[in-house]
Each structure stands twice: as structure tokens, then as C-alpha cells.
Amino acid sequence: MCPKDEIISAYVDGEVETPWTEKLKAHFSECAKCKARLKELQSMSQLLKHDKEPDFKPALNRVYKRIYFHSSEKSLGSGRQQEKELPFWKRRVHIPMPAAVMLSVVLFILFASFFFFMGQNNTQMANKGQELYNTQPIQVTVPIEGLEAKDLEVLLKLLNNKDFSQEVLMELPEDSQFTVFGEPEFGDCAIDK
Amino acid sequence: MLKKTKDREERFNEEYPILFPIIYRVSYRITGDEAISEDLCHEAFIKYYERHEPLPDINQAKYWLIRVVKNMSLNYEKKRMREKNAVSKLEKITPQYMESTEKEVLKEETKIVVQEALDKLPYKLRVVLVFKEYAQLNYKEIGAILGISEGNVKVRIFRARERLEKILKEESAYVSEG
Ligand SMILES: [Zn+2]
Numbered sequence: 000m001c002p003k004d005e006i007i008s009a010y011v012d013g014e015v016e017t018p019w020t021e022k023l024k025a026h027f028s029e030c031a032k033c034k035a036r037l038k039e040l041q042s043m044s045q046l047l048k049h050d051k052e053p054d055f056k057p058a059l060n061r062v063y064k065r066i067y068f069h070s071s072e073k074s075l076g077s078g079r080q081q082e083k084e085l086p087f088w089k090r091r092v093h094i095p096m097p098a099a100v101m102l103s104v105v106l107f108i109l110f111a112s113f114f115f116f117m118g119q120n121n122t123q124m125a126n127k128g129q130e131l132y133n134t135q136p137i138q139v140t141v142p143i144e145g146l147e148a149k150d151l152e153v154l155l156k157l158l159n160n161k162d163f164s165q166e167v168l169m170e171l172p173e174d175s176q177f178t179v180f181g182e183p184e185f186g187d188c189a190i191d192k
Numbered sequence: 000m001l002k003k004t005k006d007r008e009e010r011f012n013e014e015y016p017i018l019f020p021i022i023y024r025v026s027y028r029i030t031g032d033e034a035i036s037e038d039l040c041h042e043a044f045i046k047y048y049e050r051h052e053p054l055p056d057i058n059q060a061k062y063w064l065i066r067v068v069k070n071m072s073l074n075y076e077k078k079r080m081r082e083k084n085a086v087s088k089l090e091k092i093t094p095q096y097m098e099s100t101e102k103e104v105l106k107e108e109t110k111i112v113v114q115e116a117l118d119k120l121p122y123k124l125r126v127v128l129v130f131k132e133y134a135q136l137n138y139k140e141i142g143a144i145l146g147i148s149e150g151n152v153k154v155r156i157f158r159a160r161e162r163l164e165k166i167l168k169e170e171s172a173y174v175s176e177g
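Those sequence lines, one after another, are chains A and B. Reminder that position 144 of the first sequence reads as 143 in numbering that gives the first Met the number 0, one-by-one numbering, no gaps. Reminder that position 102 of the second sequence reads as 101 in numbering that gives the first Met the number 0, one-by-one numbering, no gaps.
FYI, nobody ran anything at the bench for these hints, they're computed from the structure. Think of the CB as a built atom: it goes at the ideal place given N, C-alpha and C, for glycine as much as any other residue. Incorrect hints may have been included.
Below, in silico cross-link-like pairs of lysine-lysine (DSS-like), each with a Cα-Cα straight-line distance of 27 Å or less [as the list claims (entries may be wrong)]: (1) A/34 x B/168; (2) B/139 x A/24; (3) A/38 x B/5.
Partial chain A-side listing against chain B, Cβ under 10 Å, derived [claimed, not checked]: (4) 39; (5) 50; (6) 57.
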């Protein structure tokens, strides 16, 4: 009895169990019809396997670069790579706690002086508009190290008493470090290669 | 930690040149599109690279990647089917215009007949046949990847071959006529 096509197809794939493989072989040697079917299915399998294919190498290299690039963009990557590739608003900047405190102090003072400036402006704009641009900015330099709330009050008072204080310079401690936290392990390993 | 990442990177660099050609081939045979295959490979290898649990060996990595590519290719297949439907609607509206130019294109592209025929196979059948012929997986492995029985794999592969035979016959008849 002739085997089903499905069995012949499985035979082509070497997926027929041992006692049956021999039986099938024997059958193919004596049945022209099944042998022809076997040849058909085999040649189809060969046709697929040997069909021309696009060259994978350029894709291999491009994808490798993209993966490396992707990984260096993420936490695994080095800071240098990160800065180059991300727009500045997306860059992750880790600021140490003391620096963050200082930054907020600076921002607070800028805000305070801004409102102060606006307040002055609103009342005096009409007659002082012209002078505004000619006025020399008052430079206030505040060493921020060891700055206390009390000092801040003094500073604000100082600003309040001056007519226009447009520039406030804050001096950060000498040893301030604005470094990126976290070791860029992977990227550095990759760069070494 | 440093050692771990280094090991992982080393392993990735070892496996990548071996696995990429297989995964790319499978992607290409399923989608029939080089650019999409590249994207699929990119996604799949990034996923693999970012995996927290390392896979025991390169074979497991291969199965894993093939499964990922297969899952992602399904989304592409759905999109492709929508586009195909849109095109066939367009063809119905302007049949005379399309016919002559299309025949000429077909004559020139007899080389890619096999891939075109594969593209015409239903997705379910195509995937199984591609796994068999282009990833050199056995029925057991295919069954494990797709979550179906070996018997089911056997049936699908045979049906895929039957359909492909028919498609190839029709195609070659069409080309020789034209
Ligand atoms: Zn027979």
C-alpha cells in the first residue's frame, strides 16, 4: 500500500522513525509513482534551500553598529557618547546633593531679583525707561561656601536696597564636582577593543 | 558586575556573527523584504542583548531569537495584508492600466520566483516551512517554538509544500505565457 504524501514529505525531512524509514525505502525502490513523488518533494526542498538570497553582510554590520550605538545611548554607554547623541534637554545630568542645593539657591536669587526688577520697572518704567539701559549693572559676588539662611537674608536685603541689580554671581566651592554618576562600564570596554 | 557585563559582551560578540545570518534569513523568507528583515533583526538582537537572564547556550539563543522575529513579523504581516487588500481594490478600479506593465515586471523578475511564491503562502504555513528549510530546525524544535505538536508541524509543512507547488506551477505558466 502506498504511503500518504504527508509521510513522504516527512521522509524528505528525515522525520520518519526507524522501522518506518526502512519500509519506505523499500517501497520507493519498487513503486515508480511514490518514487516520482519523493523526487518532486525533494527537488522542491532543494529549490528553496538554494534559492538566491540577498547578501546579509552589510545588514549584519549595520545592525551591529546600531546595537552598539543603542547600548551606548543607554545606561551601559559612556558619558561621552551620550552627550554627542542626545539633544541637550534629554541628557541625563546627575547633580550631587550640595550642588543641587546651590543651584536652587541661585535660581531663587535670580527669581527674587527678577521680580524685584519687574516691580521697580512697573512703577518707574514711564520716566526711567531710557535710563534703564544706561545703568551700570551692580555686581554682587557671593561666596556660596558656608552660606547660611541668615546670609541669604542679608543678600536679599542688599539686593532690595539697590536700584537695579541685574547680575548676581555666585561662587561655587573650589572642590565642586559636576560629574556624571554611575560607571560607564560597557561603553569603555567596547572602546578598548 | 563589571566582569558580568564583559562576559556578556564577549558572548554576544561570539554569537552574533553566527546567529545573525540565520535570523536574517528567516526574517527575509517570512517577510520577503530586506529592509524589514534588517529592522526585525535589529529589534530582536537588541532584545536579546538586553535580556537579564542569559540563555544556556547558542542553540537556545537561536530558538529565542527566531521566536521573537516570528512574533514581530506577525505585526508586519497584518500591515502587509491591509496594504495588499488596498492594492487589489485599486486594481479592480484600474485593471487595464496595471496589466501590461505588471506582466513585463514579472518577466524580468523570474529570479525571485521562489520568494514571490513564499510570499503568497498563508502566513501560518509559510512560517513553518521557512523554519524547516531556512533555519534547519526539526519538527520537534519547530513545535516547541510555535507551541504546537510535532504532528501538527508535519501536517503544516506538507500543506505548505502542496500549496507552494501549486503556486509555482501557476507562476511558471504565467511567465512562459506572457
Ligand atoms: Zn507507492
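Going through the hints against the structure:
| no. | hint | in the structure |
| --- | --- | --- |
| 1 | A/34 x B/168 | 20 Å, holds |
| 2 | B/139 x A/24 | 23 Å, holds |
| 3 | A/38 x B/5 | 50 Å, violated |
| 4 | 39 | 8 Å, holds |
| 5 | 50 | 4 Å, holds |
| 6 | 57 | 9 Å, holds |
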